[in-house]
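Asks: Next come the chains, spelled out residue by residue.
2 protein chains.
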Amino acid sequence: MTVTISIDAMGGDHGVSVTVAAAIDLLKEHPNCRILLVGQLAAIHHALKKIPHDLRDHVTVVEATEVVAMDDSVEVALRKKKNSSMRIAIELVKDGQADAIVSAGNTGALMAISRYLLKTLAGIDRPAIATRMPNQKGTGTTVLDLGANSDCEAFHLLQFAQMADVMVRVIDDKDKPTIGLLNIGEEVIKGNEVVKQAGVLLRNSSLNFRGNVEGNDIFKGTTDIVVCDGFVGNVALKTSEGLASMISQMIKEEFGRSLFTKFLSFLALPILLRFRKRVDHRRYNGAMLLGLRGLVIKSHGSADRYAFYVALTRAYEAANNRMVEKIATAFDLIEKQKLTEVVKTVPNSGSENTLALQSTPPNATT
Amino acid sequence: MTVTISIDAMGGDHGVSVTVAAAIDLLKEHPNCRILLVGQLAAIHHALKKIPHDLRDHVTVVEATEVVAMDDSVEVALRKKKNSSMRIAIELVKDGQADAIVSAGNTGALMAISRYLLKTLAGIDRPAIATRMPNQKGTGTTVLDLGANSDCEAFHLLQFAQMADVMVRVIDDKDKPTIGLLNIGEEVIKGNEVVKQAGVLLRNSSLNFRGNVEGNDIFKGTTDIVVCDGFVGNVALKTSEGLASMISQMIKEEFGRSLFTKFLSFLALPILLRFRKRVDHRRYNGAMLLGLRGLVIKSHGSADRYAFYVALTRAYEAANNRMVEKIATAFDLIEKQKLTEVVKTVPNSGSENTLALQSTPPNATT
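Chains as they are written, first to last, in the numbering used here: chain A, 1 to 366; chain B, 1 to 366.
If we strip away everything but chain A, and leave its shape as in the complex, we get (with noise of 0.2 Å):
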């Protein structure tokens, strides 16, 4: 089969010399893989100069003559620019062409545009930002939301925690991952009264649920998955970023301080570049926006070349394991054994009942 990508050629920090240099190097690793690169002509073509011979059939330029800018709005970037490569981008999702879409950009912007397009998937009721983060286990663990949904309902979790489960079965092949719910304390009285109440229906679920996890089991590996609210996710992962910084700072100061440590550090390279490609957040780079009828990766602004690249390639196994469908199918599962439950309990109605009830958000049936 093949897959295709389309590609905000514009987006992120360095546009072009990265998104097109990053096309090309997965398209030599895939040879099934079709490339479309959205933007304007000009730049992607000039871009598009290095790409061997043999690959040039495999990419289609597809022409946006606007740009959203890192600082525009979600408004400017929804109403006002129509042309957009961002936008453009995750239309040729919307209408098959592509079956997903990378982008560098705006990630309000981008989450934005993709759910007026895509929608969200049937028993959704809010999308998601899930990416990996480096654990001490060296398999990852699998983060969200990172800063879609800053308020969040207990049910909202849940759904996070179903659709990570999907996510995780399908691109690590783990078959049944490892739930953790982000808290202040192992205890289950622990938390605010959200989390306290997500607790309940993340028991209650068919998922692998591991009870409650601290900041520190995501870097441990404790489990598989963790779930948090957009705003908790969002400031775990904006101060891992801080300190991962600040830390490789000091070493590369003290390692810099003089002739003799300048001279250690050369010797001590080899331990020092396997030490910084372990810890090298661009091996995570590329968060998927789940729940949407479309695959949708976000990839880091700053995102260099090779950062890019591992973004196109989550894109790319996603799409070839067909990660869409899966949740979707899964969701329909849910939605199913909720009307069955429904149906059971409704001669008694109880506690029971009650609880099922919970875990239907409000407006899960549009």
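I should point out that these hints are in silico values taken from the structure, not numbers from a laboratory.
Some hints here could point you the wrong way.
As the list makes no split between identical chains, a pair holds if one copy fits it or if it spans any two.
Claimed, not checked - No farther apart than 27 Å at their CA atoms in a straight line, the calculated lysine-lysine pairs in the DSS-like style are these:
1) Lys137 with Lys252
2) Lys277 with Lys80
3) Lys336 with Lys326
4) Lys220 with Lys277
5) Lys252 with Lys220
6) Lys81 with Lys190
7) Lys277 with Lys252
8) Lys262 with Lys277
9) Lys326 with Lys176
10) Lys137 with Lys176
11) Lys252 with Lys262
12) Lys190 with Lys119
Given chain A, put chain B in place with the hints provided.
Replies: Frame of chain A; chain B shown alone:
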């Protein structure tokens, strides 16, 4: 002036072997200090054998027959263990026999007992836990709340900022400390509802408020103080601890791979030690329970002798600088200003008035 510190000698993972040893270290540094060691007599006297003769007079041992365990519920700690070392150590502050209390025990219990015995200062609705985290500037960023309040309203965040403002002025001797509101973007419209409202209150306050900051700003040192609710703060803290621990584990592994890398780590020891010192979390041990009618300092449960000594030093400095009195005075002023503002705005009770009233908690006068 003499500074008297009462110590919950039994608290923490290591009990008297750490708490008493660290107390002796503090006495060596500060001749005007007195220590009240609260706990089981035999254990404390045994640990006191190593105290230099001239310092023995600076120490009083106070008996407490019970110990609050790390996994005791707040209920048990508060209602059942009335003779715990933690409780008696706090009572010494209440009775004016000590200027501060330091414990490495159960955080929830420490907060509950402190709040029950000492009460909150006038104008303060809820106490908060504040600590310093390292930053690239080397100055330390004061972050609060770190877990005392999972569900916060906007005016709680304002109060946290007001308390931290006094704390940093007193302890770090900064004139007008800068304050950031932890959020998921710099723009005013970002964040959940509580944070957005808190932004309005902070902008209308007399504090040196610099707007929204993100997780990475904690380690950049963008502002002296970062304000957030206890859920978010706890996640940020634990996530940082987890990442730091993963990175230090990886550095160890990379330098331990072969004889050659071990030899290199021997050569690089001064660099590695200096690096470790810079990121050493022990240097930041000692969180303040702010907003109480007494000085309560929480040490990390796993603190070693040096870390507990640092927490004691923070207690000493805060007591020596009369921090609690200064916070009380600041809140008296704030309350008086509020009254004046309300009187001023009563004739034309428009939107301004609503804003002034918003910053007043429902039970501010109790």
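Asks: Under a CA distance limit of 27 Å, which applies to lysine 277 and lysine 80: within one copy, between copies, both, or neither?
Replies: neither (41 Å within a copy, 52 Å between copies)
Asks: Within a copy, between copies, both or neither: which one fits lysine 220 and lysine 277 at a CA-CA cutoff of 27 Å?
Replies: For lysine 220 and lysine 277, the Cα distance is within 27 Å both inside one copy (18 Å) and across copies (23 Å).
Asks: Is it within, between, both, or neither for lysine 252 and lysine 220, if the alpha carbons may be no more than 27 Å apart?
Replies: Answer is both; intra-copy 25 Å and inter-copy 16 Å each pass.
Asks: When Cα atoms must be at most 27 Å apart, do lysine 252 and lysine 262 count as within-copy, between-copy, both, or neither?
Replies: Both. Shortest intra-copy (10 Å) and inter-copy (20 Å) distances satisfy the 27 Å Cα cut-off.
Asks: Indicate which option fits the pair lysine 336, lysine 326 if close means a Cα-Cα distance not exceeding 27 Å: within, between, both or neither.
Replies: Within one copy, since 15 Å is at most 27 Å while 61 Å is not.
Asks: Regarding lysine 190 and lysine 119, is the shortest C-alpha distance of 27 Å or less found within a copy, between copies, in both, or in neither?
Replies: between (35 Å within a copy, 23 Å between copies)
Asks: Indicate which option fits the pair lysine 326, lysine 176 if close means a Cα-Cα distance not exceeding 27 Å: within, between, both or neither.
Replies: Only inside one copy: lysine 326 and lysine 176 sit 15 Å apart there, 55 Å across copies, limit 27 Å.
Asks: At 27 Å max between alpha carbons, let me know whether lysine 137 reaches lysine 176 within a copy, between copies, both or neither.
Replies: within (17 Å within a copy, 44 Å between copies)
Asks: For the identical chains here, do lysine 262 and lysine 277 meet the 27 Å Cα criterion within one copy, between copies, both, or neither?
Replies: Close inside one copy (20 Å) and across copies (20 Å); limit 27 Å.
Asks: At most 27 Å between C-alpha atoms: does lysine 277 with lysine 252 qualify within a copy, between copies, both, or neither?
Replies: both (15 Å within a copy, 15 Å between copies)
Asks: Reference check for the pair lysine 137 and lysine 252, CA-CA at most 27 Å: within, between, both, or neither?
Replies: Both: 26 Å inside a chain and 15 Å across chains, each within 27 Å.
Asks: For lysine 81 vs lysine 190, is the C-alpha pair at or below 27 Å within one copy, between two copies, both, or neither?
Replies: Cα proximity of lysine 81 and lysine 190: across copies only (22 Å, versus 45 Å in one copy).
When the structure is compared with the earlier hints, a violation turns up for hint 2 alone.
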